[in-house]
Amino acid sequence: AQTVTQSQPEMSVQEAETVTLSCTYDTSESDYYLFWYKQPPSRQMILVIRQEAYKQQNATENRFSVNFQKAAKSFSLKISDSQLGDAAMYFCAYRSGTGNQFYFGTGTSLTVIP
Amino acid sequence: EPEVTQTPSHQVTQMGQEVILRCVPISNHLYFYWYRQILGQKVEFLVSFYNNEISEKSEIFDDQFSVERPDGSNFTLKIRSTKLEDSAMYFCASSYYGYTFGSGTRLTVV
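These protein sequences, in sequence, are chains A and B. Our numbering puts the first sequence at residues 1 to 114. Our numbering puts the second sequence at residues 1 to 110.
Just so you know, the hints here were simulated from the structure itself, not pulled from any lab data. Incorrect hints may appear among the rest.
Think about it this way: if two alpha-carbon atoms lie no more than 30 Å apart in a straight line, the pair counts; the simulated DSSO-like pairs of lysine-lysine are [what the hints assert, rightly or not]: (1) A:K73 <-> B:K83; (2) A:K73 <-> A:K55; (3) B:K42 <-> B:K83; (4) B:K42 <-> A:K70; (5) B:K78 <-> B:K57; (6) A:K73 <-> B:K78; (7) A:K78 <-> A:K55; (8) B:K78 <-> B:K42; (9) B:K57 <-> B:K42; (10) B:K83 <-> B:K57; (11) A:K55 <-> B:K83; (12) B:K83 <-> A:K70; (13) A:K70 <-> A:K55; (14) A:K78 <-> B:K42.
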């Protein structure tokens, strides 16, 4: 089974600074998708960004970008110009290109310091 | 933007009682899912449903759980005899080309 590992249970960042959240995964598949989800205290799952494994270009969504290293099976999330509203739990997730099930990491709790 | 709607947002039930969690997937989606998140833990897959039958289920999804699509719009998760350890956030999701999670139902078993 695929595994997703987030080695940072907690991170903090000063407002307006940049922070990087780490994620590694283990798979033998070549076709898959990777995601970062944000979970605020309301516990809703909000999609932040997704990356298709076949794409070499790193995905970017406004202040959020990823560093996708396929050979290293690494998928980190960079948040630039951090805002107070970015404070949340962040989950890295994997989905096979041939299946429909998501595999989630254990999450990183991000605190933004004013 | 289309949403997956889950009701209720919070449900409290007594141990041993049956509970039904309801979801309205996005209308043109064909695949439906339930996930569970125990407080402080990661989100875990329970079951996927396609073409009116279960297509995949995890070891968590034992005989006390069942899913149903009783009409053309709802997708339900039934827990027959709730236990304290069933207390969790339950997320419904649906997919076709895109994959969308609902906002969750917080189940508290007392």
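query = Hint by hint, which ones does this structure get wrong, listed from lowest number up?
reply = Violated hints (numbers, rising): 1, 6, 11, 12; every other hint is consistent with the structure.
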